[in-house]
Every structure is written in C-alpha cells, then in structure tokens.
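Going down the list, the sequences are from chains E and R. If you count by full-length UniProt numbering, then the first sequence holds residues 1 to 74, one letter each, in order. If you count by full-length UniProt numbering, then the second sequence holds residues 1 to 408, one letter each, in order.
Since the hints were derived computationally from the structure, they do not count as laboratory data. Heads up, the beta-carbon is just placed ideally off N, CA and C, and yes, glycines get one too. Don't take each hint at face value.
[Said to hold, decoys possible] What follows is a set of in silico ranges between Cβ atoms, one per label pair, in the way DEER data are often shown:
no. : chain 1 : residue 1 : chain 2 : residue 2 : range
1   : R       : 205       : E       : 54        : 41 to 49 angstroms
2   : E       : 54        : R       : 303       : 44 to 52 angstroms
3   : E       : 54        : R       : 143       : 52 to 60 angstroms
4   : R       : 147       : E       : 34        : 32 to 40 angstroms
5   : R       : 198       : E       : 47        : 23 to 31 angstroms
6   : R       : 404       : E       : 68        : 29 to 37 angstroms
[As the list claims (entries may be wrong)] Computed list of lysine-lysine pairs in DSSO-like fashion (alpha-carbon distance at most 30 angstroms, straight line):
no. : chain 1 : residue 1 : chain 2 : residue 2
7   : R       : 330       : E       : 65
8   : E       : 65        : R       : 319
9   : R       : 154       : E       : 65
10  : E       : 65        : R       : 354
11  : R       : 339       : R       : 402
12  : R       : 406       : E       : 65
13  : R       : 154       : R       : 165
14  : E       : 65        : R       : 402
15  : R       : 165       : E       : 65
16  : R       : 396       : E       : 65
17  : E       : 65        : R       : 339
18  : R       : 382       : E       : 65
19  : E       : 65        : R       : 310
20  : R       : 396       : R       : 378
21  : E       : 65        : R       : 390
22  : R       : 330       : R       : 390
23  : R       : 348       : E       : 65
24  : R       : 310       : R       : 378
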Amino acid sequence: MAEPAKPEVTEEAKMDLLEDDDEFEEFEIDQEWDDKEEGNEALQQWEDDWDDDDVNDDFSLQLRKELESNAPKN
Amino acid sequence: MAAYLSMGEAHRRIGDYLSRVVDAISSSDGAALASLFAVSAPDSTLLSDALAAFPDFPRLAGDRFPHLADLLVPLLRAIHSHSLQRFADAYSSFEKAANAFLQEFRNWETPWAMEAMHTVALEIRLLAEKADRELAMTGKNPDKLQAAGSFLMKVFGALAVKGPKRIGALYVTCQLFKIYFRLGTVNLCRSVIRSIETARNFDFEDFPVKDKVTYMYYTGRLEVFNENFLVADQKLTYALMHCNPQSESNLRRILKFLIPVKLSIGVLPKRTLLERYNLLEYADVMTSLKRGDLRLLRQALDRHEDQFLKSGVYLVLEKLELQVYQRLVKKIHIIQRQKEPAKAHQIKLGVVVKALKWLEIDMDVDEVECIMACLIYKNLIKGYFAHKSKVLVLSKQDPFPKLNGKPV
Numbered sequence: 001m002a003e004p005a006k007p008e009v010t011e012e013a014k015m016d017l018l019e020d021d022d023e024f025e026e027f028e029i030d031q032e033w034d035d036k037e038e039g040n041e042a043l044q045q046w047e048d049d050w051d052d053d054d055v056n057d058d059f060s061l062q063l064r065k066e067l068e069s070n071a072p073k074n
Numbered sequence: 001m002a003a004y005l006s007m008g009e010a011h012r013r014i015g016d017y018l019s020r021v022v023d024a025i026s027s028s029d030g031a032a033l034a035s036l037f038a039v040s041a042p043d044s045t046l047l048s049d050a051l052a053a054f055p056d057f058p059r060l061a062g063d064r065f066p067h068l069a070d071l072l073v074p075l076l077r078a079i080h081s082h083s084l085q086r087f088a089d090a091y092s093s094f095e096k097a098a099n100a101f102l103q104e105f106r107n108w109e110t111p112w113a114m115e116a117m118h119t120v121a122l123e124i125r126l127l128a129e130k131a132d133r134e135l136a137m138t139g140k141n142p143d144k145l146q147a148a149g150s151f152l153m154k155v156f157g158a159l160a161v162k163g164p165k166r167i168g169a170l171y172v173t174c175q176l177f178k179i180y181f182r183l184g185t186v187n188l189c190r191s192v193i194r195s196i197e198t199a200r201n202f203d204f205e206d207f208p209v210k211d212k213v214t215y216m217y218y219t220g221r222l223e224v225f226n227e228n229f230l231v232a233d234q235k236l237t238y239a240l241m242h243c244n245p246q247s248e249s250n251l252r253r254i255l256k257f258l259i260p261v262k263l264s265i266g267v268l269p270k271r272t273l274l275e276r277y278n279l280l281e282y283a284d285v286m287t288s289l290k291r292g293d294l295r296l297l298r299q300a301l302d303r304h305e306d307q308f309l310k311s312g313v314y315l316v317l318e319k320l321e322l323q324v325y326q327r328l329v330k331k332i333h334i335i336q337r338q339k340e341p342a343k344a345h346q347i348k349l350g351v352v353v354k355a356l357k358w359l360e361i362d363m364d365v366d367e368v369e370c371i372m373a374c375l376i377y378k379n380l381i382k383g384y385f386a387h388k389s390k391v392l393v394l395s396k397q398d399p400f401p402k403l404n405g406k407p408v
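Build the full structure now, drawing on both the sequences and the hints.
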C-alpha cells in the first residue's frame, strides 16, 4: 500500500511568472566577506576626462565633411 | 515519492520536530530555531510526509505543548499546506505563527532569537509572493504580500527601538523595501528610512554589512526616481564598494542604476565594465555622449525602451540629451577653430541646423536657438546670442564647462 505520488515541484517555473529582475538577491544569513576599504575592482572602471578635443574619430571627420559641403542635403 | 509511513513513525517525526522547536527556545538557540522556521526549505519533506500521514497533528501539538500552541499549531499547518502547494493557506497559517512568535520575541530581553526572526521575515515575504501568484491565477484578490508588509512593519516596530535588538532592524527594512518595490508602493519606504537615518543612539555603520549594502541599493534607487543624482551616486557607490565581490548578479544590479547616475553627472564607465557585467545596453548611450551623436542616443533609447522604462532609468537617460548637444556644439567649435581660428567663437545657428539635419533631426533656426538658450541656462555653454545675426558667441574662457561630478 503506497501513497499516491506527489506532483512534481513546479514552484520554480511559477516563480518566473512575476520575476523582478531588479530585486536584490538575498545574501545568505551567515554569508560573510572581506569588506575591504578599497572596495572592489568595479570602482576603478570610470573616467571623467573623456571630454577631449580630439576630432579625428570617424564621427567628427564626417561632421567636418558635412559642415564644409555647401550643397543642401536631401 | 513518499514511502509508506506508519502512524507511529509519523507521530514520532512530528513529535521530534515539536521538541526541537521547544528545545531551541528553552536553550536560546537562535540558529537552530531559524532552521526550523524555514518552512519553504526543500529539506522539510520528512516532516511534511509525516503531517500528511497523521492528519490529527494540530491536536498532537496542542496537547503536548499547550503553552506554545499558538505558535506550533499554525506552524505545522503552514508546513503541511506548503508541501501540498496550497500557498494561500500556507501563508495564512504562517502569518498566525509569525504573530505568535513576535509576541514571544517581544518578551525576550536579549536578541538571541534574531536569526529566527529574520527567517520568519524572509519566509513570510516569499510565502506571500507564492500565495499572491496562486490567488491571481485563480482570479482572486492577491493581497498577501501587502499583508506581509503590515506584519513586517510590526516586526520593525519591535526592533527599531533603543536597545540590543536594533541591530536586526535593517534586515527587516530591506525585506520591506523588496515588498514595496514589488507592489509599486515605494512611498511607504519613507517612514522606515526616517527611523533608520535619524537614530541618534545607533550608528548606521554598526549594522551588518549585507544589510547595509541592500539598504543602500534600494535607497539609491529611490534617489534615482527622485532625480537626486548626487545622493544616488553616494548610496549606489557605497553599495558597490561594500558588496560581496563574489556576488556577480548583485554587482550587476547596482551598476545597472549607478551607470545612468554617473552618466548624468558626466562620468563614463569604461567599456570593459559594461562587458564584464553584461550591461551593453548602455554602450551606445555612452558612445553618443562621447561623439555628440544625437541620432545614436535616440536610437539607443528606442532600442532598449522597454528595458529602461521597466527599471525606471529611461527619464534619466533621456536627460542626457543636453550633454550630447553640448558635445556636438563643442565639436563644431573645434572643427571651426582648426579651419578659421579667428572666427571660432562665433557659431552660426545655421551651422548647427545643418549638423542636426545630417543627424536626421529636423529643426529650424528658432528651435536651435531655444536649445542653445537652454544649454547656456544650464551652464553647459558659456556665451551669449547675437540674436539678429543668429550667431551664438562663445565665451573665450572655458566655453564648455565640465560637469565635474555635478548634475546638469
């Protein structure tokens, strides 16, 4: 005499229905990490001096050509 | 598949579980109690098989431990309903057990049961989400997550007081944030934030780091919605700095909001950062800023519109347009300077119209004048108009001030 089999767990499939991608994932209750002063590498990956005077990139060269042409553009 | 279980064995297992709960309480073992409250944990099958085989379990609990019946009976019911995937029932029972536990918790002077309280806080939120999904699918009103929020406010009230329990308040705050963000009722975050940030006798830095990081992520996002980009930058940078470096997915979430904030104050991420965290939806936005390419900015916003709207960063990115205009005028200025240095400071509005036309943006001279006036007003350009001759005259000194970390 055996009990009828329980339905397979489908929670995970259901969970996806209303998933919020931006919800912060739980850190495990006992999860610990080395909270260094310098922080992690992502903090170094920024630049604030990108606004240079270089106009030799493709976009600028095309812009120059456009400004120098006198013919009205269609 | 459940094997055959004798009544005796089922009785024994249930009794064993109940004794472990009662023992954990009498010996003040918070970690043990926490694991017994994890009703949705996958390893509770032994117990749930027993509950299925022994339907009279409420009486067993009530008879054996009458003084804790208010906690134990609904707790067993919650585990039982959960194992049958009846989540709305499981939620209702668990909420009863949670209230009974909170009652006990208030009376304990030390915070020994904090880990268990936190497990209850997490479980009630997760159960409520499952319950609401079930209710919505059967056409009923999904109101459990909101109810879980009300319960957690009570828990917050019990923790955010002077004394040793306060250290656990931030975790509950973070659970509340998750609920409010999901329900779209983020204005409810305000009162908890005030309580956390105005406490005189508790230093924020004394909270556990995982809670601080989560808190800064959510409050940073709130500041993004409120367009307080400087504060948003501070909070999200804090989250990034202190987040577990192993937690890739959370780092990515932080960056998803920090990048638009940084862009709005004139700081660009390196391409490698976008690649590393798979945030390439920002690549074209970044390039458009570097080039002064208004067309590319519009294309990038169009292409990822749904995604940007869903996260709530669309408006932030849309506002980058002024910076892109600034960059374009600057490029025109530099190109002119190379050709005719003497006249480089006079920019004919007609020239800007022409550049815009090339970028597929149709504007007449008056509209361009309007945009230039806006750039001058926002201090992105220093100069004045010669209105009659339709010329923008740039200041000789620093005509294109950098944002230097200040918002536009």
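Where does the structure disagree with the numbered hints, that is, which hint numbers, in rising order? Per hint list: 2, 5, 9, 12, 15 and 19 violated.
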